Amino acid sequence: MRVIVADDSVLLREGLVRLLAENGHDVVAQVGDGPSFVTAVRQLRPDASIVDVRMPPSHTDEGLRAAVAVRREIPGAPILMLSQYVDVSYADDLLADRTGAIGYLLKDRVAEVSEFLDGLARVADGGTVLDPEVVAQLVVRRGRAPLDALTVREREVLELMAEGGSNAAIAKALVVTDGAVEKHVKNIFMKLDLPPDDEQHRRVLAVLAYLRG
Amino acid sequence: MATWTNQPAPTASPSGVPQVAPDPPPPARTWIGRILHQLLVDTTYTLLIGLPLAIISFSLMIVGVVLSAGLMVTTLGIPVLAGTLLMARGLADLHRVSLGHVLHRPTPRPHYQKSEPGRGWRRVFTPIRDSQSWLDLIAGIVDLPFALVAFVVTVVWWTIGLAGVSSIFWDWSIPYAPGNYGPFRALGVANTHADRVVLYTIAGLIMLVTLPGAVRLVALLRAHVARALLCGVSEMKEQIVGLQVRNAGLTDQRQAAAAAETNALRRIERDIHDGPQQRLVRVAMDLGRARQQMESDPEAARATIEEVLGQTRETLDELRALSRGIAPPILTDRGLPAALAALAARSPVPVDLRLPPDLGRLHPTMETTVYFVVAEALTNIAKHSQAEIAAVRVDIFDSGTVQVWTADNGIGGASVAKGHGLAGLADRVRAAGGEFDVSSPVGGPTELRAVLPCG
Numbered sequence: 021m022r023v024i025v026a027d028d029s030v031l032l033r034e035g036l037v038r039l040l041a042e043n044g045h046d047v048v049a050q051v052g053d054g055p056s057f058v059t060a061v062r063q064l065r066p067d068a069s070i071v072d073v074r075m076p077p078s079h080t081d082e083g084l085r086a087a088v089a090v091r092r093e094i095p096g097a098p099i100l101m102l103s104q105y106v107d108v109s110y111a112d113d114l115l116a117d118r119t120g121a122i123g124y125l126l127k128d129r130v131a132e133v134s135e136f137l138d139g140l141a142r143v144a145d146g147g148t149v150l151d152p153e154v155v156a157q158l159v160v161r162r163g164r165a166p167l168d169a170l171t172v173r174e175r176e177v178l179e180l181m182a183e184g185g186s187n188a189a190i191a192k193a194l195v196v197t198d199g200a201v202e203k204h205v206k207n208i209f210m211k212l213d214l215p216p217d218d219e220q221h222r223r224v225l226a227v228l229a230y231l232r233g
Numbered sequence: 018m019a020t021w022t023n024q025p026a027p028t029a030s031p032s033g034v035p036q037v038a039p040d041p042p043p044p045a046r047t048w049i050g051r052i053l054h055q056l057l058v059d060t061t062y063t064l065l066i067g068l069p070l071a072i073i074s075f076s077l078m079i080v081g082v083v084l085s086a087g088l089m090v091t092t093l094g095i096p097v098l099a100g101t102l103l104m105a106r107g108l109a110d111l112h113r114v115s116l117g118h119v120l121h122r123p124t125p126r127p128h129y130q131k132s133e134p135g136r137g138w139r140r141v142f143t144p145i146r147d148s149q150s151w152l153d154l155i156a157g158i159v160d161l162p163f164a165l166v167a168f169v170v171t172v173v174w175w176t177i178g179l180a181g182v183s184s185i186f187w188d189w190s191i192p193y194a195p196g197n198y199g200p201f202r203a204l205g206v207a208n209t210h211a212d213r214v215v216l217y218t219i220a221g222l223i224m225l226v227t228l229p230g231a232v233r234l235v236a237l238l239r240a241h242v243a244r245a246l247l248c249g250v251s252e253m254k255e256q257i258v259g260l261q262v263r264n265a266g267l268t269d270q271r272q273a274a275a276a277a278e279t280n281a282l283r284r285i286e287r288d289i290h291d292g293p294q295q296r297l298v299r300v301a302m303d304l305g306r307a308r309q310q311m312e313s314d315p316e317a318a319r320a321t322i323e324e325v326l327g328q329t330r331e332t333l334d335e336l337r338a339l340s341r342g343i344a345p346p347i348l349t350d351r352g353l354p355a356a357l358a359a360l361a362a363r364s365p366v367p368v369d370l371r372l373p374p375d376l377g378r379l380h381p382t383m384e385t386t387v388y389f390v391v392a393e394a395l396t397n398i399a400k401h402s403q404a405e406i407a408a409v410r411v412d413i414f415d416s417g418t419v420q421v422w423t424a425d426n427g428i429g430g431a432s433v434a435k436g437h438g439l440a441g442l443a444d445r446v447r448a449a450g451g452e453f454d455v456s457s458p459v460g461g462p463t464e465l466r467a468v469l470p471c472g
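As you go down the protein sequences, you meet chains G and S in turn.
In the numbering used here, each residue carries its 1-based index in the first sequence increased by 20.
In the numbering used here, each residue carries its 1-based index in the second sequence increased by 17.
Everything labelled a hint here was simulated from the structure, so no lab data went into it.
Keep in mind the model is a prediction, meaning the values are calculated, not measured.
Be aware that one or more of the hints could be misleading.
Simulated coverage check for chain S against chain G, where a stretch passes if three residues somewhere in it have a Cβ under 8 Å from a Cβ of chain G [to be verified]:
1) 65-74
2) 353-365
Sample of chain G residues lacking proximity to chain S, with all beta carbon distances greater than 12 Å (derived) [stated by the list, open to error]:
3) Asp53
4) Asp72
5) Arg74
6) Ala89
7) Thr119
8) Lys127
9) Ala131
10) Gln157
11) Leu167
12) Ala169
13) Leu170
14) Lys206
15) Asn207
16) Leu214
17) Ala226
Note that the Cβ used here is the ideal one computed from N, Cα and C, for glycine as well.
The shape of chain S in the complex, shown without the other chains (with noise of 0.2 Å):
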């Protein structure tokens, strides 16, 4: 797809299909230049590409068809099938193709499957098993009667309008036996030269004012038939398919989310019993043996109340720190660039953190991933890397997309692997709809890329 990335505006359909363009905007015409445009393309569809295409196709579709399924005994009817689904697929294009300027619609060419590589029965079997062959197959042999009745209505409109109007040129070159009789004594006319030319010119005016439409009308019949067998199926399939990997990626964002909810729920749960509430508990114990001491040895109580006392500072600290875990105070209060700015100078590691100097708030879910992705990402670095210096950059696309990236020169072999802290922040990423990947080969550097999606 490389070469169709620098034209301006996609000439691919959403699944990446190559796909015939629809006529181009026409140039400013009036009404009747319009009409004029579009009487030629349609009488060229219905008229030299429309009879000789759905002729060819369907002596050649049936012609194969009957010749493959008698020689089916031997096993020889298997690639002229074949051959006659190929021949099938040439036609379909040629036929997508002027379809597109009668419909005014994209006529996508569907996914063929692609022969796999190697010789002999299986490259045969390979249009046999595509169903969009098939398709085209039965387009070619049903294309024949609308293409019949298109031709046909286009020829006598066409030739009763013409001949109509320019029969004053050529109606004194019949020879009419004299007397009224046939279609001028039911039309109450009289059969003189004058009176035929108004009938004539008469009738030929009313063909050629309903030219257009009428032409119109069997080209639409027998493209709209022919773009439902050779574009239409496809294109629902597509569609299909297309819903269903959007919901199967929701269902992995919203599996994500929940696990990592549970998951960050679980560490607060455990972070609580193992920091805070243990201290508190040693606090308690403490005092009770400073009570104890009281009677019998006041000055070892008031040691012990000493030491009680700095217990209480340690549990304030872990519960700032508990707090900071949940929602960092400075992120809600000032945003990214205070709250990245404080990770960075709280890092062991030097950082070199850069950030777009445009940086405002963002939605409050995309500040907190991207908080916590650089917090467990310097982490990460000062617990394990070894790494004398990171970097942290954070960038915003037009799209709105922010993409921030993590790196050291440390030993690497970080890991995304289920139990690692990376596996939980990739969840979280995930959760807010954003990729993330890790790369870290043993010996470094690590490099983490978290992208996340416009809030």
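So that you can see chain G by itself, here it is in the shape it has in the complex (with noise of 0.2 Å):
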């Protein structure tokens, strides 16, 4: 997988060169700022971006904005955006489009190599991915009484769907059979009162448009 890494800390961006090196992708470009992040995937073209939030020029939320201008000049580009910490209104920017291929993970769940690995396919695929920080924050916001109708297990899926895992990841997870986890989910779409949907990207949209209220 062709990917660009963009980071300014030279500290990061080689620790994350050198593990997707070992894991057989191939990091066409390293960038440390937002303009030249959106140059460098324009010509580029990867298959998909390992982007940091805060960047220069501004050490804001510099990643950010070049993550959406990015996906306003090509639809779609597959972007795991990283972060120190993790806030839902960034979220919301990055969900806005509801074109899918999007992740937005802490910088600490990269060292979970594997998830990370797989998380990054995912977004290249076209998935969504969200750090269950955010889908915690999600839950916190959306209030306790609504949920309160799921049963225990029923909420652990809920909050692995939102997080973007697919019926079989969330059954491995939980370490239960696929087909426990597509009667959960049956199940929370008609407590919840959501439109059942089998494709992946679209289920979560509909499971974050829920919690967002």
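Two chains, two frames, a set of hints: combine them into the complex.
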């Protein structure tokens, strides 16, 4: 997979590049600020990009704005955002165009190498990957009442769905069969009155739309 | 004001206005001497300076005002008015001088607007625009009734007093109609030479005993009214302005404190984000890789773990540097001399450090501010100045004020403009109530000076 890495910290960039290289990915460009990221994507059309939220010149959410700009130009360009901290409002910005192929993870998750690489692959495939932290914030924001109707197991499935997990992935994470997950999903959609949908990205959006109220 | 500086006690009011000094403390006198001295001063004020000055002022002011009002239709009234106001000012100055002796209080001369350079109407209008000139004019008019009362009381008391006690010498020379009449009958005194002398002497003694009090009373009455108009209003105005200036200063200081704190917090956040946080993420990343490598390539895993160890050491170094930036431990533990010596030793540019030998512990805020002024200055010198040598001096004045001065022989061009490190430093110094200035012409040398009030 051809990947662009955008992070102003050389330290982290190098770490990511090594990790990706060791796992058979090809880092086609490394950039350190928003504008050069936009240029690099335009020229190289990578299979996926890994972008730090905070970058020069503004040292605020430069990376996020660059990502939004890229996806306005190239709809659905797969981007996995990394950040030292996550915030729902950033997730809102990223999910606003509803085209999928987007991810938003805490930088710490990179340490779980295989899960990180799995997330990257899902984003490149057009899926949506959200950090559990974001989902937790969404659940808190949504309030308890409607979610009380769900069983504990169903809550877990809902959160994994929001993070972008497929049925198979959720089954693996909870150590249950695919069939059991399917049953839970159906119950959740029924209890929360959500339109059923099998396609992974649309399903995430539905769950997120619900959580965002 | 240079001519005032060599006088031991400032003869200027806090606002810098020269003033008529009150009486020097009188040489040790007996109480009777003090009363007689004061009587002399008060009498001079009510009698000799009093009435003539009041009559001259009143006449000139009334004539001037009436004349200028009459002439106002022709523009001639304006210079006449201006002239009247200037005369009022001169007479007011005279009056202020004598007031000081009566009241034993300073009578500062108020600020008058200075006429602007140039000729013609602008100069003419200056006294007219000046509010104190109008107060002088009013004082010149209002003074007359008070001066009259004071004059009459003084004359009556002095005359009856002196004449009464000396009646024994002159009573024989006055021809009296025979018989008991007038005051003599009313008081039940026989109209004989002896009885008259007794009566007159008693009356004279009463007047003489009450003389100092009576004269003092009317002199004070007149002097207080005059002082209120001639000095009081302008003093009040200056107090208000002074308060406003002080408040503005305090507001500046508070804002600078808030700005310095916000900036410091932002910098700490940025430093944590760019430093230890990044390193720890990298550590986690590499450990994740090492775990992956463990299965396929244990040698590579060992190498990765070695790198991770290096990363953790660097993270610790960064954390130490960071905590030094917040509150350097050596400063907290050992005070300024040790902390500044450590700074000088760490500086890549050689530093000539001179501290007062008796530099002990200061107020913590003061110590931290001094420390950061020197730290920031030396950092800038090392980073930007290309200097070969730097100098740092700390001086403590008797008043407790501390001055920090740094200099280098580098290329200059440092600025306190917003966004530079020096702006943050200036905020920090102002937050501590101090003053900060930079001299750094292009081509050098650069000098920083921070003056901090005693904490």
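(request) Could you work out which earlier hints the structure fails to respect and list their numbers in ascending sequence? (result) The structure breaks hints 1, 2, 4, 5, 8 and 9; every other hint is satisfied.
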